[in-house]
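Can you make the complete structure from the sequences, with help from the hints?
Each protein sequence line maps, in turn, to chains U and V.
Note that the working numbering numbers the first sequence so that position 90 is 90, with each residue one more than the last.
Offset between the second sequence (1-based) and the working numbering: plus 1000.
Since the hints were made in silico from the structure, they are not lab data.
Nothing false has been slipped in among the hints.
Calculated lysine-lysine pairs in the DSS-like style (CA-CA distance at most 25 Å, straight line):
| hint | chain 1 | residue 1 | chain 2 | residue 2 |
| --- | --- | --- | --- | --- |
| 1 | U | Lys181 | V | Lys1473 |
| 2 | V | Lys1041 | U | Lys181 |
| 3 | V | Lys1499 | U | Lys222 |
| 4 | V | Lys1473 | U | Lys175 |
| 5 | V | Lys1499 | V | Lys1694 |
| 6 | V | Lys1357 | V | Lys1165 |
| 7 | U | Lys181 | V | Lys1165 |
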Amino acid sequence: MGTIHPVSQVMEELTAIFGDMGFAVAEGPQVESDWYNFDALNIPPEHPARQEHDTFFMHRAEGDDRPPHVLRTHTSPVQIRAMMERGTPLRVIAPGRVYRMDMDQTHTPMFHQVEGIAIDRDISMANLKWVLEEFCRAFFEVPSVELRFRASHFPFTEPSAEVDIRCSWEGGQLKIGEGDKWMEILGSGMVHPKVLAAAGVNPDEWQGFAFGMGIDRLAMLKYGIPDLRAFFESDLRWLRHYGFAALDMPDLPGGLSR
Amino acid sequence: MKFTLSWLKDHLDTQASLDDILYALTDLGLEVEDVTDRAAKLAPFTIAKVLHAEQHPDADKLRVCRVLTDEGEKQIVCGAPNARAGITVVLCKPGTYVPGIDTTISVGKIRGVESHGMMASERELELSDEHNGIIELPSGEVGERFSDWLAKNRPDIADPMIHIKITPNRPDALGVRGIARDLAARGLGRLKPLDIPAIKGGFPSPIRVEIDPALKAKGCPLFAGRLIRGVKNGPSPDWLQQRLTAIGLRPISALVDITNFFTFALNRPLHVFDAAKVHGPLRIHPAKGGEELLALDGKTYTLREGMMVISDDNGPESLAGIMGGEVSGCTEATTDVFLESAYWDPITIATTGRALKINSDARYRFERGVDPAFTLPGLDLATQMILDLCGGEASDVTMDGAVPDVSRAYRLNPARVISLVGMDIPETEQRRTLEALGFTLSGDMATPPTWRPDILGEADLVEEVARIASLTKLEGKPLRRTQAGVPLPILTPLQQREKAARRTLAALGYNECVTYSFIDQEAATLFGGGSDAVRVDNPISSEMTHLRPDLLPGLLRAAARNQARGFADLALCEIGPAFHGGEPGEQHLQATGLLVGHTAPRDPYGSRRPVDVFDAKADAEAILAALNAPARVQITRKVAAWWHPGRSGVIGLGPNTLATFGEVHPRILSALGVKGPAVAFTILVANVPQPKVKTPTRPALAISDLQAVERDFAFVVDKGVEALTALNAAQGADKALIESVRLFDQFTGEKAESQMGAGKKSIALTVRLQPTGKTLTEAEIEAVSAKIIEKVTKATGGTLRG
Chain U
1 MGTIHPVSQV MEELTAIFGD MGFAVAEGPQ VESDWYNFDA LNIPPEHPAR
51 QEHDTFFMHR AEGDDRPPHV LRTHTSPVQI RAMMERGTPL RVIAPGRVYR
101 MDMDQTHTPM FHQVEGIAID RDISMANLKW VLEEFCRAFF EVPSVELRFR
151 ASHFPFTEPS AEVDIRCSWE GGQLKIGEGD KWMEILGSGM VHPKVLAAAG
201 VNPDEWQGFA FGMGIDRLAM LKYGIPDLRA FFESDLRWLR HYGFAALDMP
251 DLPGGLSR
Chain V
1001 MKFTLSWLKD HLDTQASLDD ILYALTDLGL EVEDVTDRAA KLAPFTIAKV
1051 LHAEQHPDAD KLRVCRVLTD EGEKQIVCGA PNARAGITVV LCKPGTYVPG
1101 IDTTISVGKI RGVESHGMMA SERELELSDE HNGIIELPSG EVGERFSDWL
1151 AKNRPDIADP MIHIKITPNR PDALGVRGIA RDLAARGLGR LKPLDIPAIK
1201 GGFPSPIRVE IDPALKAKGC PLFAGRLIRG VKNGPSPDWL QQRLTAIGLR
1251 PISALVDITN FFTFALNRPL HVFDAAKVHG PLRIHPAKGG EELLALDGKT
1301 YTLREGMMVI SDDNGPESLA GIMGGEVSGC TEATTDVFLE SAYWDPITIA
1351 TTGRALKINS DARYRFERGV DPAFTLPGLD LATQMILDLC GGEASDVTMD
1401 GAVPDVSRAY RLNPARVISL VGMDIPETEQ RRTLEALGFT LSGDMATPPT
1451 WRPDILGEAD LVEEVARIAS LTKLEGKPLR RTQAGVPLPI LTPLQQREKA
1501 ARRTLAALGY NECVTYSFID QEAATLFGGG SDAVRVDNPI SSEMTHLRPD
1551 LLPGLLRAAA RNQARGFADL ALCEIGPAFH GGEPGEQHLQ ATGLLVGHTA
1601 PRDPYGSRRP VDVFDAKADA EAILAALNAP ARVQITRKVA AWWHPGRSGV
1651 IGLGPNTLAT FGEVHPRILS ALGVKGPAVA FTILVANVPQ PKVKTPTRPA
1701 LAISDLQAVE RDFAFVVDKG VEALTALNAA QGADKALIES VRLFDQFTGE
1751 KAESQMGAGK KSIALTVRLQ PTGKTLTEAE IEAVSAKIIE KVTKATGGTL
1801 RG
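This is the structure we're talking about:
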C-alpha cells in the first residue's frame, strides 16, 4: 500500500480550508537573498532578531561581494514576493520547507511552515482572529475552539500577537477546544507598514494581517505523532503507520480526515 | 530577565496578587517563562513546639517526641540530633507532600513506635542544603503557617522570583522599573517616583575622559564618570545580596554589586575602575588591532582593528560597553573608585560583542538600547548608593560628548488604531495609555520616551495602545469573502500537477518520504552536484553540506536505512525541490520513485520477481499520463551517469526532457550502500507541457461503424534493438489507417538464438487498422502489411520471421 506523507496531507488540508476563504497558494525559492528573508521584513542587518534566526548561509565565491544568500529561515519572504507579484488586494497562504541551524530532541534543521497574508483596505486584527478561529475549528475537526491573543513582537508585524489555543492534556491525549490549558500554536499580527512599503504597497491605503505556523507541528498535534525527527527519517514502518492513503483527499464537504 | 516580587514593588505601588501580575505580564507581551514561589510550596506546613523528647527504646539515634500542634499533642519519632524539648519546629502532618524528599508523609511505626508526622530540616523543605538537624525557629506560634512566618521573618525566601522572556524590541523591560511601568499603565498599581539626587562634587575628577573624534558621531556619543575617594569596598548589605542571589547573580563586593543592581533595576549598566590602577586619562577609541586585554571573565581577548575600547596610558583597560578589564577592576582593597556611565551605539556594541563572542549583561542591554537620557541621572543615583554603602567623597562629573538627541514624534490617529486592531478603544483611553508609558502628547503628535528606541512610527503607537488594552479581549470578526458565492479554484496548474503526481505515486504503491534538502558532498557529487555554488557555509553536520541536485540520493540513503532494518522490498518516492544552482530560483520540482528488491512478497502463485527497468518505465508513464503529458513521446538513451547505460531511457519531447527511468547504476548502489536490484524514475514536473487551451469540453468522438482489422507480425532483429523502434516504424507506415500498434510477444535468450542465430531475438507486433470510408479489401490490407514490413525491417535491420 502506498502512502502520502503527513506533511503533504496537512498541506492539502490547509489548502482546502484557506482556499474556501479565498486564499491562493503562493510559493517562493528556498535559497533566498538576505533582502527577502530579512531586510524587506524589517529585520536590518544588526537587528538582534537576525541573530536569533540560526540561519544557514550559502557559500559565496571569492570576489563575489554580495551578502551571502540564505536558506530561508521562514516562509515570510513569500509575503514580499506575493505582494510584489500579485499586488493588492491579496490573500495567499505559502506552505513550504524552511531551514534553521538547530538539531535536538524537538528540532530538525529543516521543517515546514505555512505563512498566511491578507491585504485589503480595511482588514483588522479582529478579522485575523476570526480567520484563525475558523481555521483551527475546521483543521482540528472540533465543534468549537477558543483562541487567546497575547501581545508579542515580530519585526514584520505590528501589533504582533502570539496565539494560544484552549486545550486539555489528559493521559497524554490532547483535546483541542476544551480543558483549562493554553498551548501556543502560532505567531501573527498586522503587516508592518515598512514591510508593505518594501513590497511596493502603499501603507496609507492598504492594511492587513499575516501569520505563520509550523506544519509539522500541526500534523503532530492533530494526528498524535510524537517525534518531529522521525518525519524526515523515511522509516517504512513510520511511513505506513502515519501516512495517508492515495484516495484520502482532504476536502470540506467530505471532512478533512476519515 | 529575572526579578522578584518585592524588587518589583520597589517601583510599583500595588495591591495586586502575584497571579494577577503574572497574567498581566504575559498578556502585555512580557511572557512569564517561570515562577519560583517557594512560599506557595510551603503552604501546608505549620509551626509546632516540642514539649518532651526521650530516647527511643530500640534505637540509639532516634528520639520519641511529644509535639504540640494546632491539632493537639502528637507523638513523633525523630532522628535529628537537635530534637529536644522546648524548640519551635516546622511540622509536616501526615498526608502532606514534602518536596525535598519527594515523599508524602503518613502515620507509621518506626522501630515499633508510632509516629504522627515529621519535623523538617531546611533541605527537606528545599530552603537550603542544611540537613544537620531539624529547623529551630527563633519565634512563631503553634499552628501558624510556616509560609506566613517566612514572609514576616525571612522575606528573601518568601519572595517569589519571576522569569520573563523579553522580546528584542523591549530593552526598557530589561530593568525592573520598565516592567513596573508597563504594569502601572495596565492599571495594576502606580509607578513610584524615582528621585534623582543632586550630587555636588567636592573636587575635580583627577581622571579625565576623552572620546576619539572617530567615535563621537556614532560609537560613543557620551561618556561620563566621576571619582569617589575614600570608599570601603566590603561585602554589600544583606538586602542587596539577597536581590542579586535571588536572580542567580553572585554577590562580589559592594561596588560591583551596585553596578549589577543598576543593570537589572534600571537597565543602566555601569562600570567601576579602581582609580589607583588607572594611569592618565581614559580614552575611548577604536583599537589599532592586535592589542590584548585580560577581561573580567578571566579570558584574554585580542582586539581587531576598529573595535571600541577604553584605554589609559598603559593600554586597553575595558572593552567599552561589553566587559571591563581585570587589571583595573575593583577589589576589596579599592579605596578610590572611578564610576563610569556611558551611552554606547547599539550596532557598534553588537558587532564587537559578536566578533569576540562575549555575552555579558552589559552587551545584551547596550546592543538593544538603553535610555541615553538616563546616562547622567544614573551616574548620580549610583554615586549616591556608593556614598551610602561605601562612604567616601565624590568628585565633580567629568564627561565628553553629549546626550544624543533622540526626540521624534509620530501622529496618533485614533481612528486608524481602531481600524487596524478592530477593537473600540476610545481616544481618551488611547491617550491615557501612551502617557502612562511615558509618551508626551502634543495635539495629535506623540513623542516617545527616551527609553523606547523601538518606537519608530505610527504603527508602534498602535501596538502600544493595543497591548495595554489587552489583545486577550479581542473578539473575532468575520472576514468577508472576496466574492459572493462559491469560491474560485486557487491552485496553479503546476500545483495541481504536483498533487496529481503525489496521489498517483501513492496509488501505484509508493510510500512518500520527505528527506532533507541538503545531503553529503559525496552523494551530491555522484548525482552531478556538490559544487561550491550549492555548498552551505555553516552546515549542521557533515551529512548536510550541499543542496541536493536530485531526489534520488536521499531516497537511496533512505532505502539503505530500511534495508538495514530488514525491509528488502521497497517502493519509496518523494516530490520536492532539487537544486541546480545556488541562486534564488535555481530549483526545480522533481517527482521521483524508487523500487528496490522484488515486486511482491513471496506468494503461492510464484508471481514474485525482481523489479526491472520496465517497472520503472511503466510507473513513469502512469505518472506522466496523470499529468496530461502527450501520449506520443520519444525515448532516447542520453541518460545521466547515475543510470545503468543499457537499462535506462529518457522520455522527452524534442529537446525537452520529461522524465528519466531505468536501473540505478551499480556503482551508485555500492557507493550508497544499497543492495539491488534498484530501479527508479525522475519526472521533471514543470517540463510537462500544458494544454494550450484549457477547456472541459472534449473533442468530438470520431468512431467508425466499419470493421477494424488486426494483423500480427513477427520480426527477427538484433537483440540490442528496442521494440519501440519497431513500434514507431510500424505506426508510421500509414498514419490514417493504423489506429494502434502494440508489442504482444518477445522471444529472447539461448533458445531463441539457437533457432534464429547468435545475437538475435524475435519481437511480435499487433497492428490495428481502422478504416473510415469503406471496408478494407484484402488487397488494401496486403498493401498496408507490405508497407509495415518494409518500414520495420528498414528501421530495425531485421527480417520478417518466417
